[in-house]
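S.K.: Here is what each chain is made of, one letter per residue.
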Amino acid sequence: MAIIKTEDLTYVYGENTPFRKVAVDNVNLEIESGEMVGLIGHTGSGKSTLIQHFNGLLKPNSGSVYIDGEKLWDDKAKLRPIRFKVGLVFQYPEYQLFEETCYKDIAFGPKNMGLDNAEIDRRIKEVAKMVGIGSDILDKSPFELSGGQKRRVAIAGVMAMEPQVLILDEPASGLDPKGRDQILGLIKEYHQQKKNTVILVSHSMEDIAKHTTKILVMNKAKLFCYDDTVKVFHRAAELEEMGLAVPQITRVFNRLRAMGIGFDDDVYTTKYAGELMLRLLSKRK
Amino acid sequence: MIKDITIGQYFPGKSPVHRLDARLKILLTIAFIVMLFIADDIKGLCVGIGFTFITFLISRIPLKMMWKSIKPIFIIIIITALLNLFFVHTGTPYFEWKFIKITDKGVETAVFMVVRIICLIVGTSLLTYTTSPIDLTDAIERLLSPLKKIKVPVHELAMMMTIALRFIPTLLEETDKITCAQKARGADMETGSLFKRAKALIPILIPLFVSSFRHAEELALAMECRCYHGGEGRTRMKQLRFKLIDLWGTLYLTCFFAGVIVINHFCK
Amino acid sequence: MSFIHIKGLEFSYVNEFEEPPVKNTVLKGIDLDIEKGEFVAVLGHNGSGKSTLAKCINAINLPEKGEVSVAGLDTINEENLLPIRKRVGMVFQNPDNQIVATIVEEDVAFALENLGVEPSEIRRRVDEALKTVGMYEYRMHAPHKLSGGQKQRVAIAGVLAMEPECIVLDEPTAMLDPKGRSEVMKTIKMLNKEKGVTIVLITHYMEEAAQADRVVVIDGGEKIMDNVPKKVFSQVDLMRSLGLDVPQVTEIADFLHKQGYDISSEIITEDECVQALYELLKEQTGK
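Chains as they are written, first to last, in this note's numbering: chain U, 93 to 377; chain Y, 30 to 297; chain D, -18 to 268.
Hints listed in this document are in silico derivations from the structure and should not be mistaken for laboratory results. Do not take every clue at face value.
[As the list claims (entries may be wrong)] In silico contact screen, one side only, chain U against chain Y (beta carbon under 10 Å); selected entries: (1) F176; (2) F190; (3) P202; (4) G224; (5) F235; (6) L237; (7) S238.
By construction, the Cβ of each residue, glycine as well, lies at the ideal position given by its N, Cα and C atoms.
Modelling step: build the complete structure from the supplied sequences, incorporating the hints.
M.R.: And the structure:
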């Protein structure tokens, strides 16, 4: 069964004001459990608005959202338990840290869920290990940490709620290349260990290409496509037309193909590009 | 979206009232207040009503805004009316029962006071409706600049006001974001006792506080990089200059002002 | 002497809240000379000291040891403060935190007002700066309603109005989306090529650094490399060990080079890569 399903989902900002703007326009979508999904789209394409519907932060103007088969907004009292199934990590999540210690901050979500202290403790230990936060750091104030560490604590705070779906909005933005790789690496590891659904929102096609199995493309408030990563990058020309930058390596190999080099593969990671080159070169020897 | 809300009550426009120099507008507003207070009976006040109404029409601010500016002080108006009604005992009584005594003079004073307050509020709110906050700050700074001589930090105060105005939308947007983020972590701000709800604000207020400090620190650095070193030796790009329209504006108010004085003296 | 002259620069932050105060040396003897009109990119991971270095150039940070001078003016001398800041403008990462006024043109005028420039001259320079960065139509807008890329261009206009000889940009694109990033990069390159403004660009994006004339790599407060982009990026393994990246095209060229194929490892642009791969494949078929 689909873990996230939307039916004719539409959301309008500022209805009945001069600022009226359709942010999500009639989106029908089914995301299967256990996928690692990349969500792309230029700024203002509606991707942030869309993900805020997935855990009931926004109420659709029309249409509906189902999480794990349950319809959101049917019964307002049931919203909170459903919300716990979908963890949402906002952009620059370190700005939401507020407790005296990292431990307490990570505990905030689980506490709101009404878990007992032993369970909370177990979860904190587990996620801290997962995001690479040592026990010495757990007792420190989050405001003493470096940018990358803060970010990991903030992500751990959502992971500790053990949501079935983890959504991360630009988790690597503003970090240096090493910090980027670390964050994305740990998210991938989390996905492989927990086998639950992860949705990764990013502007970086390189990161999306490297880490996801499926891609969801939003364009001008509409769902452009939702398909396997390979198939989406096959439509590189359309993506570029939308103003989305495909990975540099994809552009290089598309140009090579246009120049008459014969190969059918869609290249979107350097690793694959290397293998392809070796194959082409050995074939031609 | 939250960032689309307008700050203050400014209605952008191009009417003659909008085009008046902001400094002059402040001075005229003060003169208008004086005018309302020297009018000592209802006839003089009629001039004030006329002025308020005509100016409102000229400014092309929607008339319903008149009501909107009175609404917050409606209670005060009612209390004023009742106090005057019951406690002015001079004149011919209309009605007398035990200690309650309503006289013609009482009714007259009550009406007079209410009209005066309404004129005062509606008239002065025109200032904020037709002047952008930045122009207002600027005008206040310039009007108060003589106070610099007695070491009042006029420039610094104006700068603080400008920066506050600049950061209100940014902080509102941030509040919105942090609230969403904490809600996503299960924060419950809608149910529970008042105490519980106040406590639920902590996860929002602390990050907001921290981020305000960050803004302040980085902004101070950026200002320093752009050669900010206090108000000394500063020039301004926009030179406020009195124009012909300002003369008309002054004349316009002077006419009404003179009207009040004439009525005060001759229509007793 | 060079336009920006840095010699033996040492700088440390002291945390006075700890007992005893902890001294954290961020820059450990940097030598760097930048000529007028150059476009220099500075790379280094977070905490490598590159932002601290940038703040030393316009006398926000003063050297603990060594010297920093701009156009012959020593930063340690307090009288030089305004003349230096007028010559070296600075743009920061977060566009929201460097816009002071509530109207775009008022903000661009800010630095000139501080410098006590004549009102008519301010007007002229503000209009010119806004036209240069392509934000003239937005001069009456409120900054908070602009996109990230537009805000950053307003910030650039704000320093440009001072008519500086050099602009130091500290990760100006880190918080922007790809569109905003390319807007800002285009503006920076145009300022360098057409207006001859010296550019010092601190960045995490390798593709941006690849567009500079020269790349300086900082690690642990020391200068590790200082060369043309080709020479810097071809050190793929060294760059990785410093926690940095190389452009994807460099990566593939390096991979093939190491596999023993006849391909230059100094490829940093898409065009070069397409050309080299094409030739490699053609050559192999020809044999």
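S.K.: Provide an ascending list of the numbers of those earlier hints which the structure does not satisfy.
M.R.: 4, 6 and 7
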